[in-house]
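Number of protein chains: 2
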Amino acid sequence: MTDLQRHSIDEIADAVREGRRPAVAWAETSLARVAAYEEIQPAVWITRVPAAEVLAEAATIDRRVAAGEHLPLAGVPFAVKDNIDVAGLPTTAACPAFAYQLEETAPVVERLIAAGALLIGKTNLDQFATGLGGARSPYGACASVYNREYISGGSSSGSAVAVAAGLVAFALGTDTAGSGRVPAAFNHLVGLKPTKGRWSARGVVPACRSQDCVTVFASSAADAALVDDVAAGFDAEDPFSRVAPVDGAPFPKAFTVAVPLPHQLEWFGDGEAARLFEAARARVTAMGGRLIPFDIDPLLAAAELLYQGPWVAERLFATETLLRDRPAAIHPVVRGILQGGLAWSALDAFKADYRLRAYQRYAQALWAAADVLLLPTTATTYRVAEVLAEPLALNANLGRYTNFVNLLDMSAIALPAGFRDNATGFGVTLVGPAFADRALLDLARRYEEIAAMPEAPPLDVSGVKTRVKLAVVGAHLGGMPLHWQLTSREATLVSRCKTAPAYRLYAMAGTVPPKPALIHVGEGGGAIEIEVYELDVAAFGSFVAEVPPPLAIGTVTLEDGTDVKGFVAEPRALDGAEDITALGGWRTYVYQKS
Amino acid sequence: MTDLQRHSIDEIADAVREGRRPAVAWAETSLARVAAYEEIQPAVWITRVPAAEVLAEAATIDRRVAAGEHLPLAGVPFAVKDNIDVAGLPTTAACPAFAYQLEETAPVVERLIAAGALLIGKTNLDQFATGLGGARSPYGACASVYNREYISGGSSSGSAVAVAAGLVAFALGTDTAGSGRVPAAFNHLVGLKPTKGRWSARGVVPACRSQDCVTVFASSAADAALVDDVAAGFDAEDPFSRVAPVDGAPFPKAFTVAVPLPHQLEWFGDGEAARLFEAARARVTAMGGRLIPFDIDPLLAAAELLYQGPWVAERLFATETLLRDRPAAIHPVVRGILQGGLAWSALDAFKADYRLRAYQRYAQALWAAADVLLLPTTATTYRVAEVLAEPLALNANLGRYTNFVNLLDMSAIALPAGFRDNATGFGVTLVGPAFADRALLDLARRYEEIAAMPEAPPLDVSGVKTRVKLAVVGAHLGGMPLHWQLTSREATLVSRCKTAPAYRLYAMAGTVPPKPALIHVGEGGGAIEIEVYELDVAAFGSFVAEVPPPLAIGTVTLEDGTDVKGFVAEPRALDGAEDITALGGWRTYVYQKS
Chain A
1 MTDLQRHSID EIADAVREGR RPAVAWAETS LARVAAYEEI QPAVWITRVP
51 AAEVLAEAAT IDRRVAAGEH LPLAGVPFAV KDNIDVAGLP TTAACPAFAY
101 QLEETAPVVE RLIAAGALLI GKTNLDQFAT GLGGARSPYG ACASVYNREY
151 ISGGSSSGSA VAVAAGLVAF ALGTDTAGSG RVPAAFNHLV GLKPTKGRWS
201 ARGVVPACRS QDCVTVFASS AADAALVDDV AAGFDAEDPF SRVAPVDGAP
251 FPKAFTVAVP LPHQLEWFGD GEAARLFEAA RARVTAMGGR LIPFDIDPLL
301 AAAELLYQGP WVAERLFATE TLLRDRPAAI HPVVRGILQG GLAWSALDAF
351 KADYRLRAYQ RYAQALWAAA DVLLLPTTAT TYRVAEVLAE PLALNANLGR
401 YTNFVNLLDM SAIALPAGFR DNATGFGVTL VGPAFADRAL LDLARRYEEI
451 AAMPEAPPLD VSGVKTRVKL AVVGAHLGGM PLHWQLTSRE ATLVSRCKTA
501 PAYRLYAMAG TVPPKPALIH VGEGGGAIEI EVYELDVAAF GSFVAEVPPP
551 LAIGTVTLED GTDVKGFVAE PRALDGAEDI TALGGWRTYV YQKS
Chain B
1001 MTDLQRHSID EIADAVREGR RPAVAWAETS LARVAAYEEI QPAVWITRVP
1051 AAEVLAEAAT IDRRVAAGEH LPLAGVPFAV KDNIDVAGLP TTAACPAFAY
1101 QLEETAPVVE RLIAAGALLI GKTNLDQFAT GLGGARSPYG ACASVYNREY
1151 ISGGSSSGSA VAVAAGLVAF ALGTDTAGSG RVPAAFNHLV GLKPTKGRWS
1201 ARGVVPACRS QDCVTVFASS AADAALVDDV AAGFDAEDPF SRVAPVDGAP
1251 FPKAFTVAVP LPHQLEWFGD GEAARLFEAA RARVTAMGGR LIPFDIDPLL
1301 AAAELLYQGP WVAERLFATE TLLRDRPAAI HPVVRGILQG GLAWSALDAF
1351 KADYRLRAYQ RYAQALWAAA DVLLLPTTAT TYRVAEVLAE PLALNANLGR
1401 YTNFVNLLDM SAIALPAGFR DNATGFGVTL VGPAFADRAL LDLARRYEEI
1451 AAMPEAPPLD VSGVKTRVKL AVVGAHLGGM PLHWQLTSRE ATLVSRCKTA
1501 PAYRLYAMAG TVPPKPALIH VGEGGGAIEI EVYELDVAAF GSFVAEVPPP
1551 LAIGTVTLED GTDVKGFVAE PRALDGAEDI TALGGWRTYV YQKS
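Note that the protein sequences, when read in sequence, are chains A and B. So that you can map any letter, position 348 of the first sequence is 348 in the numbering used here, and since no number is skipped, the others follow by simple counting. So that you can map any letter, position 306 of the second sequence is 1306 in the numbering used here, and since no number is skipped, the others follow by simple counting.
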């Protein structure tokens, strides 16, 4: 699992189109990687397309290619953040109580599928896309693929991890305050946040609808550009969709880059990030960028409107009813933010709009002075435990350089810019005016070409909690006196079944509570009723440590021929024991006795 | 006053530039007309520039012209609605308690003055520009110049009347829901409502700031175009200002005109308006317009948002403090509307924005199908007494065809389209997409050229309440027993002075209360102390009716040689009377007696 090999979109689609490797084969690779990574970060996905359907869809793609259809994304596995509708799959927005299922797929996803892309599943997120850390989800916190002690970034947490871990070639996120850029930084990806309205946002659960964008995480600028080619386009049914002007020219060879004034570069104590940003500045200079210092205070002031102004109320659009009727169903941190939105009046909203327009004017002055703005994507990163302990202040720190971009109608591309010693990714973002998307993608390509990035560290697969299956036969069965030893270890029932017909069951003498002994006899034995549980390896270990003699944990063969761990007995268990094999199981014996 | 002769902007500016008639002469003409019309509609103005300043400014314009400056609006008298700032004059928004005075002139006015236009004064309006009738003002209701029983239309009431009565050549209004168009209809003017943000709205008291436009009333499309040439332009300090795209081509010779479906033409019972609209349709067809029926229901639905949605809350931006601290200082109808704005939440505002965007999409479909939309400017008109009695419902009727235009980001030009039998004007509006302003002006010119409009009826100067000066000399003086006969008639004191030295004053015998008789004797008379009052002619008449013999109302010559009406006496007044001329006046006589 540590030997990550990511495949570019062109590599996959070319191979499919040229018949060198069919979509079905790429689907199998993706599914295998998903299954393997499931043990490392089970929180990546909320819903997966069943493997059989993925393979069937891949076969369809192969047939379409064979029939001569030109599919720019032929067979390219991708993932979709679970606040975007896909027909036949639930949309949860990471809130089970909110979940719904439609028969209509979001147009932006439709476009990708029509172009041959292969949907693998829907990814985890900060609930209602509210957060930048990736830890505000009842489906679990996501972590950086390079150091799982640290956050993945959010809210598009699962999508970024899915790409960085090589499970899919690209993934859709959404971005209101930075959700499509922050996770790109920590997982060392390219994150394209298109101009608002350039990609359809219909079929997306609104976070802050006037500011929401659908985004893409990819391994390179070229991959992001291929997705953009397909995803961008006016949608007459999306009231926020905009007709893009004719694509402008790329930025000139020598271009002007605004950078914050030195005292505005706040790193929250992260000296490594400061040094990595210096290196990125040098890289941009080497590309032909002329750096000019620019006062970003008005941009930072605009950002405050998003979480400390009436735009918080806009977040109630999707959640108003749930917040009123079932507040406990909402993640407590998200709930607190949403409740704050109830206090804002319509006049507040108009006043904030006036303030925002003044900041937008300032942003226009920025574009008169510079082609792009170079910023750190985030100042620093945090441990998962840190953002859980201090969810609001640290989240604000994470958004310092991203929050204002949509409010000020800018396009942006987050780019990888090296690693900290702790292996978490650091990123920078090139920000441009509205509809500079293609020019930014071109600049990102130049950024990649100027010099190779440091090699990525291996994926963090340390401390993987493997699960162990355990067959129980007596006092640990459901409803029996020692069953709590399983439930207290969060063991989950896998099946109620029987052993292979090779055992005899004995009621031991003088045990408290009464216990049986399962003895493998081979020929002439019976099939004994058992229950199979699964539990974490550590929990399994502590369980085994408590098993008293003459019982032991050995191997039990099930009726389907597979072996699992399970209760066996030392021979001394048979001293004075009663053969109850004919009853078929311990439960019948106990009922007869009572 | 009924012989209205309006002068076009070019006529005035050419004459000034060519030295045929200097700005000072035009200023004198304008001031004279203003003074004359003051007796007919004193409610037109809230503040006037003092005559001496107007003449001095005109002289400056003449000097600028003489010095070779090119002034497109050289010497053209104009008025400004009193919700637009002019340095040194108060801005009241028709609310005395709100009034303030700045040292900065609104940029749109600055542009006109820089181009040589001559400001005459600031005009009355529906308070806070909230209304379409023109009767919601503590400065009095304005009326249509052609029938003063009927409303002028509002909120830019005074500006429209000032142009239609020939007091100025053009006047600025503002328009949120129709305020720059409805008064154009009733006074048979051209009213250009530019695209939002095309003219600076800085220095305007916000009504509904995101929807406010500065507009112009003029006598012709050519005049409106000349003002537009000067007034339009980006203002970086106005957050709602927009950079206009390069002026598009005029509409083609054969153009497409959307008109409402037949059942959508609601006239509120005004059959004349329906017939006048038919005639306007025929006129537009004769111009080359191909009429296509178009469903305007979504436009009408959008309009409801303005007065029945959170945009009402936006009206609190300028008035919030006053409404909280001094609600009684606000016109009761306007106050009721403003108080309604307090109920809307920020979420309501965002939701309404989403709805509006859907309607805007519909409007785009309209522009895909047609070059312009032809509408009646208003369905009908009302008497002043009617809108005062039923202020909300009738106002809504007046805005049926205007309310949605700014919300849907359209440009519009209101055009005269004939007169009802009661002499009130009827108008139609050509509506275009954003930034179609110049094309609309060109189309308006073609509309004027296709055939002459019916000749305007004479200005309505019926029933003018003229004021009469009255000299009192005895029991009607201030503090005397019959003074109440003046105060109860709202007489105002003009001066305390003396008669010409040609009178003798007698204390009559046996009068209750005691009264003097003023007897003209010519040579050898004295100068007697009197007070001169002014009162409405009707009040004067009722006063005269009550004067008992032997007194009478005749003519009294004042010490400055002018004659006024005043108390005289029949000869019998002298029977038994005491000559008190030496005391100089009745007051001294009364004090000596007591």
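No lab work stands behind these hints, which were simulated from the structure alone. Do not take every clue at face value.
[Unchecked claim] Under 7 Å between C-beta atoms, here's a sample of chain A residues computed to sit facing chain B:
id, residue
1, P239
2, F350
3, A358
Every residue gets a Cβ at the ideal spot worked out from N, C-alpha and C, and that includes glycine.
Hints, verified against the model:
Taken as an interface hint, A:P239 checks out: its beta carbon lies about 3 Å from the nearest beta carbon of chain B, inside 7 Å. Taking 7 Å as the C-beta cut-off, the interface hint given for A:F350 holds, the closest approach to chain B being about 4 Å. Hint on A:A358 holds. Least Cβ distance to chain B is approximately 5 Å, under the 7 Å limit.
Every hint from the earlier list agrees with this structure, and none is contradicted.
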